[in-house]
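Residue numbers (the working numbering), protein chains in the order written: chain A, 1 to 216; chain B, 217 to 432; chain C, 433 to 715.
Hints are computed from structural coordinates only; laboratory data are not their basis.
Each computed DSS-like pair below joins lysine-lysine, with the alpha-carbon atoms no more than 30 Å apart:
| hint | chain 1 | residue 1 | chain 2 | residue 2 |
| --- | --- | --- | --- | --- |
| 1 | B | Lys247 | B | Lys275 |
| 2 | A | Lys60 | B | Lys275 |
| 3 | C | Lys598 | A | Lys31 |
| 4 | C | Lys495 | A | Lys171 |
| 5 | B | Lys275 | A | Lys31 |
Per the computed footprint, the stretches of chain B lying under chain C, defined by three or more beta-carbons under 8 Å from a beta-carbon of chain C, are:
| hint | segment |
| --- | --- |
| 6 | 311-321 |
| 7 | 367-377 |
Note that CB positions come from ideal geometry on N, CA and C, so glycine has one too.
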Amino acid sequence: MSESDTETLHLRMLEAMLFASDRPLDDSTLKDRLPATANFEQLLVDLAGLYEGRGVVLKKVADGWAFRTADDLAFLLQAETAEQRRLSRAALETLSIVAYHQPATRAEIEQIRGVSTSRGTLDVLLESGWIRLRGRRRTPGRPVTYGTTPEFLEHFNLESIADLPGLDELKGAGLLNSTLPPGAPMPMPNDDPDLGHDEDPLEDDLFAPDVVLEDD
Amino acid sequence: MSESDTETLHLRMLEAMLFASDRPLDDSTLKDRLPATANFEQLLVDLAGLYEGRGVVLKKVADGWAFRTADDLAFLLQAETAEQRRLSRAALETLSIVAYHQPATRAEIEQIRGVSTSRGTLDVLLESGWIRLRGRRRTPGRPVTYGTTPEFLEHFNLESIADLPGLDELKGAGLLNSTLPPGAPMPMPNDDPDLGHDEDPLEDDLFAPDVVLEDD
Amino acid sequence: MADETNQIANDPLTQALLWENQKERASEPDASEPSLVVDVDGFEGPLDLLLALARSQKVDLAKISILALAEQYLSFIQEARRMRLELAADYLVMAAWLAYLKSRLLLPDIKDDEDELTGEELAASLAFRLRRLEAMRDAAARLMSRPRLGQDVFARGDPEPVVTIKHSSYVANLYDLLTAYASQRQRNSVTSVQVRKRTVWSLQEAKDLLVRMLGHVSDWTPIDDFLVEYFSTPDQRATVIASSFTASLEMVREGVLEVRQNGPFTPLFVRRASRQDGGGNHE
Numbered sequence: 001m002s003e004s005d006t007e008t009l010h011l012r013m014l015e016a017m018l019f020a021s022d023r024p025l026d027d028s029t030l031k032d033r034l035p036a037t038a039n040f041e042q043l044l045v046d047l048a049g050l051y052e053g054r055g056v057v058l059k060k061v062a063d064g065w066a067f068r069t070a071d072d073l074a075f076l077l078q079a080e081t082a083e084q085r086r087l088s089r090a091a092l093e094t095l096s097i098v099a100y101h102q103p104a105t106r107a108e109i110e111q112i113r114g115v116s117t118s119r120g121t122l123d124v125l126l127e128s129g130w131i132r133l134r135g136r137r138r139t140p141g142r143p144v145t146y147g148t149t150p151e152f153l154e155h156f157n158l159e160s161i162a163d164l165p166g167l168d169e170l171k172g173a174g175l176l177n178s179t180l181p182p183g184a185p186m187p188m189p190n191d192d193p194d195l196g197h198d199e200d201p202l203e204d205d206l207f208a209p210d211v212v213l214e215d216d
Numbered sequence: 217m218s219e220s221d222t223e224t225l226h227l228r229m230l231e232a233m234l235f236a237s238d239r240p241l242d243d244s245t246l247k248d249r250l251p252a253t254a255n256f257e258q259l260l261v262d263l264a265g266l267y268e269g270r271g272v273v274l275k276k277v278a279d280g281w282a283f284r285t286a287d288d289l290a291f292l293l294q295a296e297t298a299e300q301r302r303l304s305r306a307a308l309e310t311l312s313i314v315a316y317h318q319p320a321t322r323a324e325i326e327q328i329r330g331v332s333t334s335r336g337t338l339d340v341l342l343e344s345g346w347i348r349l350r351g352r353r354r355t356p357g358r359p360v361t362y363g364t365t366p367e368f369l370e371h372f373n374l375e376s377i378a379d380l381p382g383l384d385e386l387k388g389a390g391l392l393n394s395t396l397p398p399g400a401p402m403p404m405p406n407d408d409p410d411l412g413h414d415e416d417p418l419e420d421d422l423f424a425p426d427v428v429l430e431d432d
Numbered sequence: 433m434a435d436e437t438n439q440i441a442n443d444p445l446t447q448a449l450l451w452e453n454q455k456e457r458a459s460e461p462d463a464s465e466p467s468l469v470v471d472v473d474g475f476e477g478p479l480d481l482l483l484a485l486a487r488s489q490k491v492d493l494a495k496i497s498i499l500a501l502a503e504q505y506l507s508f509i510q511e512a513r514r515m516r517l518e519l520a521a522d523y524l525v526m527a528a529w530l531a532y533l534k535s536r537l538l539l540p541d542i543k544d545d546e547d548e549l550t551g552e553e554l555a556a557s558l559a560f561r562l563r564r565l566e567a568m569r570d571a572a573a574r575l576m577s578r579p580r581l582g583q584d585v586f587a588r589g590d591p592e593p594v595v596t597i598k599h600s601s602y603v604a605n606l607y608d609l610l611t612a613y614a615s616q617r618q619r620n621s622v623t624s625v626q627v628r629k630r631t632v633w634s635l636q637e638a639k640d641l642l643v644r645m646l647g648h649v650s651d652w653t654p655i656d657d658f659l660v661e662y663f664s665t666p667d668q669r670a671t672v673i674a675s676s677f678t679a680s681l682e683m684v685r686e687g688v689l690e691v692r693q694n695g696p697f698t699p700l701f702v703r704r705a706s707r708q709d710g711g712g713n714h715e
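Same shape as in the complex, but just chain A (with noise of 0.2 Å):
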């Protein structure tokens, strides 16, 4: 076989690998069943510039790679889904919350909003898989801290959770700032699966009683 044969293989392979799948699919994934001397980077940017301008396109999303119809179709196709529900305007304040602050706790989130937030919003959101719990902040009270979740960051079309629109002014506003006065050093929202150095990991019991000890 001739290196362009054996080049256009990897590719089909490549190809025929995202598209049969409706998820992303990342690096290591898509290494592990190419041949061990394809190169990889290569063949990702000719695949993405043989769909350019296409009506189904490659995209990076969710830390990984996946087929997308085209932003601009979007009038094409929605007439056949189902009405989504729409998040209620708490839910998608927590949302953002989360999103933007994580790890966040429910104190803070409450605080960012000024009101107290019922359990059902959160619930909400753990329901639809776009957040998630991480573990507890070593605090006292230990409360448990929320983060998103890959779905999320697949159902927003975002790369990862540094791709958050408006996240570069936000921070520089000293926005994300979640402790009071201002002028404080800025988090960066982390949704890194492994727990920070202030968290500690769930245990098993959390659904017991933290939920009623969160609970007010």
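Using the hints, position chains B and C against chain A.
Quick look at chains B and C alone, frame taken from chain A:
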């Protein structure tokens, strides 16, 4: 918009619709959702052309059009896992009876084991490649006869089926104690691929009616 | 506490804040209409109400007059109370705090407590909170206006899943095979042993026979003579001899029979007892 831009848009629309659909789309559905000015037949030809020789191809399936992974890349969609399994005791016993008493019918196996043999046991042994259907016994009901395969000899390191230790040797090895009545039939295993004088060849219809006949 | 379940307020300001109408937020509510906002149910707490009031000032939140905002809030609360609207406690707490803030802003700072924040610091803190809440709202709106999966962009509708094919290879060695064969042969042969029902002469049968026979004979007679007609099979022969012998000994003990044998393995002779006083003369 120039004519070619319009054509490109229509092509992109067709591509996105087929990609996003959870089932093949037929001509009339596709036509309905494309602008009336679109030259549907030409677009299909163009789209199929775009994907020709690629990792994903446009296929006419039973009730319409759909993208499918190219046939030669189907292996990418298969993860193969090898697992070693131990034979159940029932399977081992059945196998040994087939080995010693071949050609043996199911009824004979059951008679020797003293219990009825589940269909699954023979299936597992057939799947293992160690036993095979030989033919049919020329007796009423024409039951299928079972025998061992060359793979059986290979796996168990036997040069020929005659190398299976006889009853006396089993006794000598301490595997059989002397309570075996003297009148016990001394098996003379025969795995000759040629059918015996009381065996008929299997017919083509083996897997339909006979499985039923054999079940009781 | 604001009731989160009651999201749908009818006033245009609140409507404009609902996320599904985020695009309409560009058109700010008319500054001349803040007095229309009396429906507290439409707000998510005092901070939300403050933010709505602040936005009605139509200026950058960074340059907002916190003093003016506090006054607006206080008059709003006053109006609400005049209309006898139920107000949640947090609205009143905020009102009290704002009244305090207002006084701090109007009066010169008293430097009696180093730890206490100045009026300006308190105002800045409130302004920060308002800006931060608004920033999060904007972020939510921007998030929601992104092309979303399943709404604007679509994944492969009919994914072709990776099928896992299990290859089972079976392991067994010759020892397993032979053990299995041997054990099942053995088990089966043991279970198929049938203890045949043997024809056994009971002692009573033998005794009855001897009594009957001895009725005709009074001299020494080999016991086999009586029994020979019952020796139909070898099996029967054994039981007949054994039972008859045992029966004969019993009858000797009873004194109705005498037994004699001339030497080991020689025929056994029997006769009716001549005396009734027991004590046989057998060897």
